[in-house]
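A.B. asks: Based on the hints, put chain S in the right spot on chain D.
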Amino acid sequence: MDWKKCWKFGTKTIVATALGAAIFLVLNMFVKVPTGIPETQVQTCYGICAFFAALFGPICGALIAFIGHALGDAISYGSVWWSWVIASGVAGCVYGFSFAKLRVDEGVFGGKDILFFNIVQVIGNVIAWIVVAPVLDIVIYGEPVNLVFTQGVVAAICNIVSAGVIGTLLLFIYSKTRSSKGSLKKEN
Amino acid sequence: MNTKLFDYVERHNFIYDLSGVTKFLCFMIAGAAVMFTYDIRVMIVVFVVSVIAFFLSRITFRQIRVMVAYVAIFILMNIVLTFLFNPQYGVEIYGTKHVLFTITQRYTLTSEQLLYQVSKVMKYCSIIPLGMIFILATHPSEMASSMNRIGIPYKATYALALTLRYFPDVIRDYQDISVAQQARGLDLSRKERFASRIKNVLNICVPLIFTTLDRIELISNAMDLRGFGMQKKRTWYCAKKLTKNDYLSIGICVLLLLLSVAVSIFVNHSRYYNPFI
Chain D
1 MDWKKCWKFG
11 TKTIVATALG
21 AAIFLVLNMF
31 VKVPTGIPET
41 QVQTCYGICA
51 FFAALFGPIC
61 GALIAFIGHA
71 LGDAISYGSV
81 WWSWVIASGV
91 AGCVYGFSFA
101 KLRVDEGVFG
111 GKDILFFNIV
121 QVIGNVIAWI
131 VVAPVLDIVI
141 YGEPVNLVFT
151 QGVVAAICNI
161 VSAGVIGTLL
171 LFIYSKTRSS
181 KGSLKKEN
Chain S
1001 MNTKLFDYVE
1011 RHNFIYDLSG
1021 VTKFLCFMIA
1031 GAAVMFTYDI
1041 RVMIVVFVVS
1051 VIAFFLSRIT
1061 FRQIRVMVAY
1071 VAIFILMNIV
1081 LTFLFNPQYG
1091 VEIYGTKHVL
1101 FTITQRYTLT
1111 SEQLLYQVSK
1121 VMKYCSIIPL
1131 GMIFILATHP
1141 SEMASSMNRI
1151 GIPYKATYAL
1161 ALTLRYFPDV
1171 IRDYQDISVA
1181 QQARGLDLSR
1191 KERFASRIKN
1201 VLNICVPLIF
1211 TTLDRIELIS
1221 NAMDLRGFGM
1231 QKKRTWYCAK
1241 KLTKNDYLSI
1251 GICVLLLLLS
1261 VAVSIFVNHS
1271 RYYNPFI
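Here the protein sequences come in this chain order: D and S. For what it's worth, my numbering labels the leading residue of the first sequence as 1, then goes sequentially. For what it's worth, my numbering labels the leading residue of the second sequence as 1001, then goes sequentially.
Just chain D, with the same shape it has in the complex (with noise of 0.2 Å):
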């Protein structure tokens, strides 16, 4: 575990929390999977928020999913969904905890580094949305204690397929085409 390099906010990571959030936004305004159930869709988007905080750290997931998120809603609603938002932060910021310990840029990503990013990404999401997301909702908007639980449990469950899906594939892939450390040998 490097905690200290995940506090770095260099001018890489800010290029890429921005085009992050721009794909999150793109993701978010026009491809979503429905899943059958009415009004629940699997959002592509949190996959992809969470590639980038694996790559680039909690700072940056937390940022791309809150300016994605927010951008998103107040260009669709004009207005701005806060506790939603904020919980899209949360669930960000934790994502990228996995940075700590993951070293997807040398190319590594065995099995056990795959079990630890799916922990930490199932982590954020039930924490952003089953106990932020609902608890927000009830103190800024005031809304009925049992939709929002049940909002919010079906919100973890299809973040958690999203990031555990289309976030595990693209960091694999990702790392495949990292040369790793110490790969070149010197041939005799």
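These aren't lab readings, by the way, just hints derived from the structure by calculation. Beta carbons are placed, not taken as given, at the ideal position from N, Cα and C, and that holds for glycine. Be a bit skeptical, because a hint or two may be false.
Covered stretches of chain S (in silico footprint by chain D; criterion: 3 or more residues with CB under 8 Å from a CB of chain D, positions within the stretch not fixed) [to be verified]:
| no. | segment |
| --- | --- |
| 1 | 1075 to 1086 |
| 2 | 1114 to 1124 |
| 3 | 1130 to 1137 |
| 4 | 1151 to 1159 |
| 5 | 1165 to 1177 |
| 6 | 1208 to 1214 |
| 7 | 1217 to 1226 |
Calculated pairs, DMTMM-like style, for lysine to aspartate or glutamate (alpha carbon to alpha carbon, straight line, at most 25 Å) [stated by the list, open to error]:
| no. | chain 1 | residue 1 | chain 2 | residue 2 |
| --- | --- | --- | --- | --- |
| 8 | D | Lys176 | S | Asp1173 |
| 9 | S | Lys1155 | S | Asp1214 |
| 10 | D | Lys4 | S | Glu1217 |
| 11 | D | Lys8 | S | Asp1214 |
| 12 | D | Lys12 | S | Asp1173 |
| 13 | D | Lys12 | S | Glu1217 |
| 14 | D | Lys8 | S | Glu1217 |
| 15 | D | Lys12 | S | Asp1169 |
| 16 | D | Lys8 | S | Asp1224 |
| 17 | D | Lys12 | S | Asp1214 |
| 18 | D | Lys12 | S | Asp1224 |
| 19 | D | Lys101 | S | Asp1214 |
| 20 | D | Lys176 | S | Asp1214 |
C.D. replies: This is chain S only, laid out in the frame that chain D set:
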């Protein structure tokens, strides 16, 4: 697919000439005012103020009709879901029960529920005109500078500026890739099964991500070469000076917030307004 994020049309009137800082602050402060209260009277005041501001801005209906449709669907869904899940929530909040009419035993419409749901819709709607003003009447390049000026670190707001700048590029990439994959026989329609649709989305995401990662490299190198992030502060090309009108607008919004807090504390003694006792 609409490749334009939103239209910024240059106009000159009271609202458009306000600085971006003002529009952002007004949106946030008035937003805080309606979020704090659950008193429909306060919300109506905020709604009237923001509708007046909206008309002053002379934003045309053409610019907002898609938004209006989205908002209508969203509100309708919320009304139906709230009533389905908790038809007696108003009774719980206000503590009395005035039955209007009965559909079934569980689904009895009470005036408390009506007030609660109308308040909730109002809470959401009253801030929309100000949100539209912030999105449509602020020069996109000014958004980042205005947020930086109220204390948000410039590195974070610069990310927002870059997002706005690169959104059209990303959407163009997305369309190119999507069309190319469809030409190779990828089915994105509803006919496919759930699992294969996720796989198909992935077939678009992978090239999209890799072009983006290349682009990140390119842009961040360009920025580093120009010395981005060397200093604690930075200046902006697009930043208007605050004028008398700016202070007036912010003042009105602060008054709204104070009104909201004062009514809750001194008149209602809670966040809810209860006309039923």
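A.B. asks: Indicate, hint by hint, whether the structure satisfies it.
C.D. replies: Going down the list of hints, with the structure as the test:
1. 1075 to 1086: As far as the segment 1075 to 1086 of chain S goes, the hint holds, because 5 residues have Cβ atoms under 8 Å from chain D.
2. 1114 to 1124: holds (count 4)
3. 1130 to 1137: As far as the segment 1130 to 1137 of chain S goes, the hint holds, because 4 residues have Cβ atoms under 8 Å from chain D.
4. 1151 to 1159: holds (count 4)
5. 1165 to 1177: holds (count 7)
6. 1208 to 1214: Held - the segment 1208 to 1214 of chain S has 5 residues with a Cβ nearer than 8 Å to chain D, which meets the minimum of three.
7. 1217 to 1226: Result for this restraint: holds, n = 5.
8. D:Lys176 to S:Asp1173: holds (23 Å)
9. S:Lys1155 to S:Asp1214: holds (21 Å)
10. D:Lys4 to S:Glu1217: The hint holds at about 22 Å.
11. D:Lys8 to S:Asp1214: holds (21 Å)
12. D:Lys12 to S:Asp1173: With Cα atoms ~21 Å apart, lysine 12 of chain D and aspartate 1173 of chain S stay inside 25 Å; holds.
13. D:Lys12 to S:Glu1217: OK: lysine 12 of chain D and glutamate 1217 of chain S at ~7 Å, within 25 Å.
14. D:Lys8 to S:Glu1217: holds (17 Å)
15. D:Lys12 to S:Asp1169: holds (18 Å)
16. D:Lys8 to S:Asp1224: OK: lysine 8 of chain D and aspartate 1224 of chain S at ~15 Å, within 25 Å.
17. D:Lys12 to S:Asp1214: holds (11 Å)
18. D:Lys12 to S:Asp1224: holds (9 Å)
19. D:Lys101 to S:Asp1214: holds (24 Å)
20. D:Lys176 to S:Asp1214: holds (16 Å)
The structure agrees with every numbered hint stated previously.
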